[in-house]
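Q: Protein chains in written order, with this note's numbering: chain A, 1 to 674; chain B, 1 to 674; chain C, 1 to 674.
Calculated directly from the structure, the hints in this document are not laboratory data. Computed from a predicted model, the values in this text were never measured in an experiment. One or more hints might be untrue.
The list treats identical chains as one, so a pair stands whether inside a single copy or across any two.
What the hints assert, rightly or not - Straight line, CA to CA, 25 Å or less: simulated BS3-like cross-link-like pairs of lysine-lysine: (1) K137 - K624; (2) K180 - K92; (3) K592 - K92; (4) K105 - K92; (5) K33 - K525; (6) K267 - K465; (7) K666 - K567; (8) K264 - K531; (9) K581 - K429; (10) K657 - K33; (11) K105 - K241; (12) K381 - K592; (13) K398 - K298; (14) K5 - K381; (15) K429 - K180; (16) K624 - K234; (17) K471 - K524; (18) K666 - K524.
Residues per chain, in single letters:
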Amino acid sequence: MINEKLPKIWYGGDYNPEQWDKATWDEDTRMFKLAGIDVATLNVFSWAKNQPDEDTYNFEWLDEQINRLYNNGIYTCLATSTGAHPAWMARKYPDVLRVDFHGRKRKFGGRHNSCPNSPTYRKYSERIAEKLAERYKDHPAVLIWHVSNEYGGYCYCDQCEAAFRQWVNARYGTIESVNKAWNTSFWGHTFYDWEDIVLPNGLSEEGEGEVSAFQGISLDYRRFMSDSLLECYKLERDAIKKHAPNIPVTTNLMGFFPQLDYFKWAKEMDVASWDNYPGIDTPPSFTSMTHDLMRGLKSGQPFMLMEQTPSQQNWQAYNALKRPNVMRLWSYQAVAHGADTVMFFQLRRSIGACEKYHGAVIEHVGHEHTRVFREVAQVGKELQQLSDHILDSRAQAKVAIVYDWENRWAIDLSSGPSVALNYVDEVHKYYDALYQLNIPVDMISVEEDVSSYDIVIAPVLYMVKPGFAKKIESFVENGGTFVTTFFSGIVNENDLVTLGGYPGELRSLLGIWAEEIDALAPDKKNAIVMKENLGALSGSYECGLLFDLIHSEGAEVVAEYGADFYKGMPVVTVNRFGKGKAWYVASSPDKKFLQGFVKNLCDDKGLSPLLQVPEGVEVTERVKDGQACVFVLNHRGEDVQLDLEDSVFTNLLTKGKVTGKISLSKNDVLILAH
Amino acid sequence: MINEKLPKIWYGGDYNPEQWDKATWDEDTRMFKLAGIDVATLNVFSWAKNQPDEDTYNFEWLDEQINRLYNNGIYTCLATSTGAHPAWMARKYPDVLRVDFHGRKRKFGGRHNSCPNSPTYRKYSERIAEKLAERYKDHPAVLIWHVSNEYGGYCYCDQCEAAFRQWVNARYGTIESVNKAWNTSFWGHTFYDWEDIVLPNGLSEEGEGEVSAFQGISLDYRRFMSDSLLECYKLERDAIKKHAPNIPVTTNLMGFFPQLDYFKWAKEMDVASWDNYPGIDTPPSFTSMTHDLMRGLKSGQPFMLMEQTPSQQNWQAYNALKRPNVMRLWSYQAVAHGADTVMFFQLRRSIGACEKYHGAVIEHVGHEHTRVFREVAQVGKELQQLSDHILDSRAQAKVAIVYDWENRWAIDLSSGPSVALNYVDEVHKYYDALYQLNIPVDMISVEEDVSSYDIVIAPVLYMVKPGFAKKIESFVENGGTFVTTFFSGIVNENDLVTLGGYPGELRSLLGIWAEEIDALAPDKKNAIVMKENLGALSGSYECGLLFDLIHSEGAEVVAEYGADFYKGMPVVTVNRFGKGKAWYVASSPDKKFLQGFVKNLCDDKGLSPLLQVPEGVEVTERVKDGQACVFVLNHRGEDVQLDLEDSVFTNLLTKGKVTGKISLSKNDVLILAH
Amino acid sequence: MINEKLPKIWYGGDYNPEQWDKATWDEDTRMFKLAGIDVATLNVFSWAKNQPDEDTYNFEWLDEQINRLYNNGIYTCLATSTGAHPAWMARKYPDVLRVDFHGRKRKFGGRHNSCPNSPTYRKYSERIAEKLAERYKDHPAVLIWHVSNEYGGYCYCDQCEAAFRQWVNARYGTIESVNKAWNTSFWGHTFYDWEDIVLPNGLSEEGEGEVSAFQGISLDYRRFMSDSLLECYKLERDAIKKHAPNIPVTTNLMGFFPQLDYFKWAKEMDVASWDNYPGIDTPPSFTSMTHDLMRGLKSGQPFMLMEQTPSQQNWQAYNALKRPNVMRLWSYQAVAHGADTVMFFQLRRSIGACEKYHGAVIEHVGHEHTRVFREVAQVGKELQQLSDHILDSRAQAKVAIVYDWENRWAIDLSSGPSVALNYVDEVHKYYDALYQLNIPVDMISVEEDVSSYDIVIAPVLYMVKPGFAKKIESFVENGGTFVTTFFSGIVNENDLVTLGGYPGELRSLLGIWAEEIDALAPDKKNAIVMKENLGALSGSYECGLLFDLIHSEGAEVVAEYGADFYKGMPVVTVNRFGKGKAWYVASSPDKKFLQGFVKNLCDDKGLSPLLQVPEGVEVTERVKDGQACVFVLNHRGEDVQLDLEDSVFTNLLTKGKVTGKISLSKNDVLILAH
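Bound-form chain A, shown alone (with noise of 0.2 Å):
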């Protein structure tokens, strides 16, 4: 339980009362009741009013808001308020602010800001922490700090430059190790002297979208700079503990946000939280990858839903209102996925600037009679009801599939093969497979313990990091199913090749060397020409994007090539290895293939749907002493008939039985217990 203080699934969001009049919170706080509104985001974006100048600091009017909310049976999650700097800093000490990637000196605007190695930053931010710390480490209201806001943004300043120094030094010790690591052979770019590296830039070694032509070295600031925005949030969380080492320390995180390896942040968080915010197109498989993701960072820990939007965003090209029950519907899915909170940004819509057309619970209108509003309402009562039967409860998956931040880092900085590939959607592609057959699945770094699972899938792996391709060998010897594609055991973690031949460390565990890697448009396809029936596929699918052509070496050849130069050379292999296999997939295949060949790798291993449902109905699973609670979530845009024959259920919304054929209406989501 994130805080036992509250025990229950938590309902709330953002607020900033600061921008409003008294009259208005007296307003806020009748209509948070209304709504069964338990907990308040404060104080994130506060700093100027908390800290007016160097010396000063005003909490008196985050006392009264805090005292006043928890009289009314509303706690805090706490911010600190440190996601933007104040004007006065930014102009007192330019070193606060950051240079952009073509090495423009900002001025104060804008949030996330602050350059994350300027002392004063630091200083300031370290100090508010600790101050609001002390004044409320045995406030009743405070349930969780919430530290800076959505952390991200690199800077490029000299002292940046100077702190990246410093953090290759440690890294490698010596200038020789540094020059090995990022082949600097490699068009004469030897450093002699520590001070002759200079940090990768749109002046320096990096280009449009993205692509260096130095991967080591721009490999390296990006961990550098997701480094050094993780010192931030260690400092304020120190100072935090300092004072109040009981209460749960977090800050919101987004998703598949590219800039920060989350993993690694997660171990210095007590819970991993996070903002969702998909638009009208967004899969919803999708969506589920990425709660799933945000549950693997704390291994399967239930996590935060921080913020979503009640209805509209404003950051988007088109910014549709969420349909009616879809924000309730998606606010399950979160659930579904392992959240033990449902928050919004925003309780109420502010009147100026840039996310005046974000919506609220409470909108411009100023009332209760909304369809947004009466939407929250609903959902905040049926929270009530439900918080115990699945407040700390545990997904439970036999499927992992890896995504790894430095991998991806890797392949967007490297030139060639293909500017299409995409490794997220490259992993989607096989989340959206198991999805569709309602398998549960776990999103797993590439550190974590894979003992417990029947089936590992690391789609594109390009990077292998030392100790993984054992860690995967002995899975499969023990029996386990491994499954990896194209591009994958191609370099090492200094995006360095692994010479001897593609996939590199990967290549005796799956049994195959791939010669070369064809990389052709995207409307260019290929074909997986099935060589016999095997379960769930048979004939002939589509492929594309790029195209390894592999020997066996040992594996069995399940599919070949259909087409181009190519055409009878092995596309899908399965390698025996231990009591296991480890299949390889060659090219990037159409979605009916991977959903048979998913189906037959979960067949292989006894793993079956939770449900049987009709397709875009989502069933997934959460589990707590024993006890099952399965949510269905209705996405297919129509009402819909499901048959759950037998098997009879609670309606934990309802408290009534469910069994046999039912309806769900479109948008509409049942929380069943056995």
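Given the structure of chain A, go ahead and fit chains B and C onto it with the hints provided.
A: Only chains B and C this time, still in chain A's reference frame:
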């Protein structure tokens, strides 16, 4: 009359004798006479020639040109030459050079290149204007002063930043008022000191595509930049007026140019003038709308067509020739909408630099035996015949369309709800519907007195400024018809939302509440379903872009949405208010709906087309002393048949009678008097 | 012969032993021998290794490599290593770092990164070239010097600005001449002082897409930059020649690379060499045209194919493999057009950095059992057989196509008439028509002697330099056929229009006057309607892009426009002038017209294809001592049947006789002697 020295429609254009030798001057004069040219705009870009250093001024060359032309019957529109600073000024006084949106200091180059807050630029531009005024104040050739040229371009330098702080201080008085107006409690951007304020650009609050994090500061920077450039204009104008108080002063504007609030500018100009450069695909109704806007700048007073090309431009992607007679057609289109001059850029084509492929009266071949010259000469001859009837006559419209630059800025700066929303396009849709009916329209500012109109249409009036709502309520109470659309009445002049329910200050007038605003991709459409037949409207029409979800609060629902979850909700409403009606169109309709809708409005008010003509034929009227002059313009791209029935007109070009069935050739024009 | 030390077609490529260890070197040597490789380009990017600080030079490693290779029968193409400066130099002497188009000072990174006017760069690049020359001047392995690498990239720093002023001064002598040449009276840009001149870039006269406000200054900056980089080359070359006067010197060029005037460069090179990187969709005729251009740089002298990839590239969007036998086909295509070397980038694929996915003779797998290696070895073996017949032989063409870099710059820099106008594409259209007929073509500069040609074609010869018109008049007077097109003869070498009527200096030769130039969007077409059948031409063809509206002034009208208001005006004319003919094609025709048109020209001159072959088969010839070697290249993508009829050839690869009907496989090649 702009200047009684030349009591006819002026005919001429920009002329740069400083680029040519004496032999060419003589040839020019001969050809100008052949073409009926009687005015030349001189000295537009001659600052470097006029003033080779800080202290030296040379105007002898200009004396010679003005005199030479005058001796040949050609008057002068005298520019002040400040549209581009001299190279020596940029070198010695870098404060004249602008800093761009990305913070880069520019070097000498281009035109319209001076920082409007540069002390050097202001000093020398004022000084040269004064010197010119002293020298030419009594010259009989000088008809009008042409200050600088096509003002535009923002600057983001430190001196602009300092001046902006002063401007903000003058507007708001206290830093607290600034914080309130800009809602800086959002994201903790509160200012404690005037020095905290930095200008909004790509290094601070603004991003690509003009979106700002803080609309308040960005709106004010646009106001400030428009004012700063206007201040430059006023310095020159006042310097001129000191010596030549009776010669009119203008500067050439650019239609819907986004950067400057021309309604504010026009107050400082004796006559509006503008440069008309439609492309080959520009709808004729868009050009007409722009003429009407330029006429509206000074409440209907005749304006100057200061520039148009005789044939080609150079800066479009594909610079098509003006087809035969199109230059003539478009010249009369300007006159038909209120222009009392027809002037070209340029009289002679330059030999080098970026406008060498811009058309001219005298082409590179240098003689008069060209299609372009022959067409120019024909119009010159005709204008000599026509002027008596047209000069100083006025268009008379009973329909007004509201256009507001600050509203446009606020829409463009806002983040959400849709990037596809283009204010000018929405205005044009309504204008075009009236244009197709040949109903005259005035384009007016929000400050204009509306009491003389029957119908006022304000598409997407997102920003409602103080007093506007009351004025419109009074207009409708007294019997007027008002129309507005989706996304109107949302914010005040600082882009702060009017709380309590959209459309804010217009809500009681319109009798509706807009609960939500949906935004969908451009290919996603809904339907406007008429509840019953209404005049020219029946059945169903298409709508898109934004979709207000409105509730009637007294308004009659005329049409409902035909699809999506708001099917059946109102999409077109009319509210009876006093003796008049207030219409609301909650989405962006197709052309067919708008033509029927507008026809109904006009029928209701007894407004009918000036003439019944086939589609593609434009008809306008100018009236002087009760005498109407009717323009019939064939934009259809082929010959058409007209039926004037029993009306009997005089063709002012042929002096013949015109009645009954007649033919009008492709691109031809009739100018008729009763 | 490039160097008599190795009297065969050289075979090898770029090799970077400094990236590898000794074990790899031994393996490399073994494999080079297997592949028939006899030349390695060394030291391309080893400056940092050669010179770790200002005063220290280490060439022992290079001695070892050159010797080791030589001892294994492999010669050296010795680079000077100055294509990328060392990191220490950038740190200590920032003047070596460039400033980019937007005025941003770059940091250390990339390659081709030195300011060409940097005193530091010039000092150290000259010095290292001299040291290398001293050391290796007598080494028997050194075949040729390879100065720097792929020169290119402009700089916009203050030292370039100062040098530009001197360059301008040297060219024009007085500031008045500069003002005249650049037409600075336009927009009042008159310079009074040399210091007034600022370099043209994104902060001054130039904008996105290379358009300039002043073509004069921008043209001269391109000339100056081309000269500045050439000066760097010459400094190194002269340092080498001082010690090694008899070893040829080159630098590798890049075909139609836009930035440098290669005709001027080639005068300073002993042999032309270039890097050929067609994409999978590049038309074979474009590659052939580029080979012919590279051959034309030195008036037909054999050139070096310095780089091509054995299979893949890394920097295209989708890096397709070269299909089986395509590397061989394209290698012989180079030889067929005059190359006396076949060389690769690269011999061994690097382990890291941005070219790790660029193909190599030795792939990451490290052994010879790859498709790529086998194909390389086959070509290596064949070249050993062939060299006697081909080396030093010459192509012999009676048709020349004019190409001029300064003309291209002027077209690209000009604003109007159409952004779709691409000079190289228009040149290629005419080249391709000749290519389809298998008529040999020389690509020549405007300075080339044309008296030996039958036909000279100068598409879009917008800029006519002094003397060119007279030379062509004399050529036609003496019986030659000249062809030019729309938008020709417009300006002089400063991009100042030749007044008095287009096509200016070419007008009397062509017997036409172009009154206007229409420009339409690419989807808008007109028709070329033949007045009567003319050889291979009859009926109607499509044309587009630009449309000159021409009048005959003596020329015979062969075809007329078929549509628009200039229907019936001439579109193709021919003027008899002395004993010859001058053709004008007033718009951009379709492929079908051009094939007929070019066929007529050739028939008229008695020029016929080298062989009659099916479409998609290329035939060229090289002649030495009266002996012809015929190349037949099957680009068609499938097997073809040829009929050589009674001709009897010797197949130089198989030594067999070839006559009558024969088959040629997809991507296969015949090399035949009579």
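Q: Against each hint, give a clear statement of whether it holds in the structure.
A: Structure-based check of all given hints:
no., hint, verdict
1, K137 - K624, "neither (31 Å within a copy, 82 Å between copies)"
2, K180 - K92, "between (42 Å within a copy, 23 Å between copies)"
3, K592 - K92, "neither (60 Å within a copy, 60 Å between copies)"
4, K105 - K92, "both (15 Å within a copy, 23 Å between copies)"
5, K33 - K525, "neither (57 Å within a copy, 38 Å between copies)"
6, K267 - K465, "within (19 Å within a copy, 53 Å between copies)"
7, K666 - K567, "between (46 Å within a copy, 16 Å between copies)"
8, K264 - K531, "neither (43 Å within a copy, 60 Å between copies)"
9, K581 - K429, "within (21 Å within a copy, 56 Å between copies)"
10, K657 - K33, "neither (30 Å within a copy, 81 Å between copies)"
11, K105 - K241, "neither (34 Å within a copy, 45 Å between copies)"
12, K381 - K592, "neither (41 Å within a copy, 47 Å between copies)"
13, K398 - K298, "within (17 Å within a copy, 70 Å between copies)"
14, K5 - K381, "within (19 Å within a copy, 82 Å between copies)"
15, K429 - K180, "neither (36 Å within a copy, 49 Å between copies)"
16, K624 - K234, "neither (32 Å within a copy, 77 Å between copies)"
17, K471 - K524, "neither (36 Å within a copy, 50 Å between copies)"
18, K666 - K524, "between (38 Å within a copy, 20 Å between copies)"
The structure fails to meet hints 1, 3, 5, 8, 10, 11, 12, 15, 16, 17 from the earlier list, while all remaining hints are met.
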